[in-house]
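K.L.:
Next come the chains, spelled out residue by residue.
There are 2 protein chains.
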Amino acid sequence: MEEQDYKKLVDMITETIYKEIKPKEEASNLFSIPVEISNHHVHLTRDSLDVLYGKGYELSKLRDLSQPGEFASNERVSLISANMKAIEKIRILGPIREYTQAELSITDGYFLRLDLPTRISGNIKGSPPITIIGPKGVLNLPEGAIRAARHIHMTPKDAEYYQVKNGDRVRVEVSGEHGVIYKDVVIRVSQKSKLALHLDTDEANAANIKGTSLARIL
Amino acid sequence: MEEQDYKKLVDMITETIYKEIKPKEEASNLFSIPVEISNHHVHLTRDSLDVLYGKGYELSKLRDLSQPGEFASNERVSLISANMKAIEKIRILGPIREYTQAELSITDGYFLRLDLPTRISGNIKGSPPITIIGPKGVLNLPEGAIRAARHIHMTPKDAEYYQVKNGDRVRVEVSGEHGVIYKDVVIRVSQKSKLALHLDTDEANAANIKGTSLARIL
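Residue numbers (the working numbering), protein chains in the order written: chain F, 111 to 328; chain B, 111 to 328.
Everything labelled a hint here was simulated from the structure, so no lab data went into it. Hints are not guaranteed to be accurate.
It does not matter which identical chain is used: a pair holds within one copy or between any two.
To be verified - Each computed DSS-like pair below joins lysine-lysine, with the alpha-carbon atoms no more than 27 angstroms apart:
{"#": "1", "residue 1": "Lys117", "residue 2": "Lys302"}
{"#": "2", "residue 1": "Lys320", "residue 2": "Lys304"}
{"#": "3", "residue 1": "Lys165", "residue 2": "Lys246"}
{"#": "4", "residue 1": "Lys235", "residue 2": "Lys320"}
{"#": "5", "residue 1": "Lys129", "residue 2": "Lys117"}
{"#": "6", "residue 1": "Lys195", "residue 2": "Lys304"}
{"#": "7", "residue 1": "Lys129", "residue 2": "Lys118"}
This is chain F alone, in the form it adopts within the complex (with noise of 0.2 angstroms):
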């Protein structure tokens, strides 16, 4: 073989693994997932805003959120825990749920004294006893303390744009100065979602995030 001929095959074969090897800019790969911030908050069973607010009691929607039917509420209870420390005022989240229980961030859980289970919401066997008061009475709940695990909200369409299925945990990247990237992010696929990445105010503070922020999954 001619020295030429060499020179040409190598060309040939840098060529085909370059293509290989290059990182893929593909649409999915870019900041689109709107990044929303939730304070801390309670659910609450109908039971439980019985005894809170009084029987029969309805929440009236302050305003709607993000995901589909949810809202946050105009009632409010405060929170308090062995420590005698107490929460004031924190946002019940509507509808009704089939649990109820308190989602803090883990500065809260300094706060209150609490070792905070990082769950999926819903998911509170052996979490922290915590006590919520109510203008009309007060529950002591054995467990139901958690930290919220960061997740994404999407629809199986977008999870099949993003390449991702209901339970996976991938890394998400978020734009902006002094950024993170968040490992263990929890993808939530369900047919009534609306694309966003659901942080607690400890995450969007860490990577600076002010308003509106955007996105990806890496």
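Got chain F; can you put chain B on it based on the hints?
P.N.:
Quick look at chain B alone, frame taken from chain F:
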């Protein structure tokens, strides 16, 4: 050249290139940098300490910090901002500095309603005003409230080992579940440093860091 000769040549070249580009698992990639969490604190000049604690007052040591010569003092101050909210009993870190500043978390910033810029300690130009209250006097600072830029302290020898230099901004991963990768972590090299990643409380909480943790530069 026979077809099988071509194939052999391609395989050889491919293997050579692959070895070259494969991520290198070097010792400097391991989780080896201790993580330290800085609670909000203030640094004071001689003049500021005179105002707040009285002329010629000397700070008394509560405990040494990891960086040689630096210490947490027994003395504290309270901060108050224009929205009339106060954070009480913030620790003064010694020794006396060339500047007076309050290093706060973004969570604190929301509470005090201050839009904190992210800065290297000492760079306070244009940062929001803050009032510092001591037992003997009050300081109304026209500027001085910042959020400290996360950073890694290291010696020149460490910098050589990790292949970074003073002022570099790197990505840093912390170990553990629900961890994060911090972008824009500033490398601070000095002869009298001790290797440590310094995070604020928001940044530590977002990564679920409780107790001892290690980090690595990516």
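K.L.:
How would you classify lysine 195 and lysine 304 at a CA-CA limit of 27 angstroms: within, between, both, or neither?
P.N.:
Neither: 36 angstroms inside a chain and 37 angstroms across chains, both beyond 27 angstroms.
K.L.:
Can you give me the call for lysine 235 and lysine 320, within, between, both or neither, at a CA distance of at most 27 angstroms?
P.N.:
Only across copies: lysine 235 and lysine 320 sit 21 angstroms apart there, 34 angstroms inside one copy, limit 27 angstroms.
K.L.:
Check lysine 165 against lysine 246 for me: Cα-Cα at most 27 angstroms, and say if that holds within a copy, between copies, both or neither.
P.N.:
Only inside one copy: lysine 165 and lysine 246 sit 9 angstroms apart there, 55 angstroms across copies, limit 27 angstroms.
K.L.:
Have a look at lysine 320 and lysine 304 and pick one of within, between, both or neither, based on CA distance no larger than 27 angstroms.
P.N.:
within (21 angstroms within a copy, 33 angstroms between copies)
K.L.:
As a check of your reading, is lysine 129 near lysine 118 (CA-CA no more than 27 angstroms) within one copy, between copies, both or neither?
P.N.:
So lysine 129 and lysine 118 pass the 27 angstroms test inside a copy (17 angstroms) and across (21 angstroms) alike.
K.L.:
Pop the pair lysine 129 and lysine 117 into one bin, within, between, both or neither, using alpha-carbon distances up to 27 angstroms.
P.N.:
both (18 angstroms within a copy, 19 angstroms between copies)
K.L.:
27 angstroms Cα cut-off: does lysine 117 pair with lysine 302 within a copy, between copies, both or neither?
P.N.:
neither (57 angstroms within a copy, 52 angstroms between copies)
Hints 1, 6 from the earlier list are contradicted by this structure; the remaining hints agree with it.
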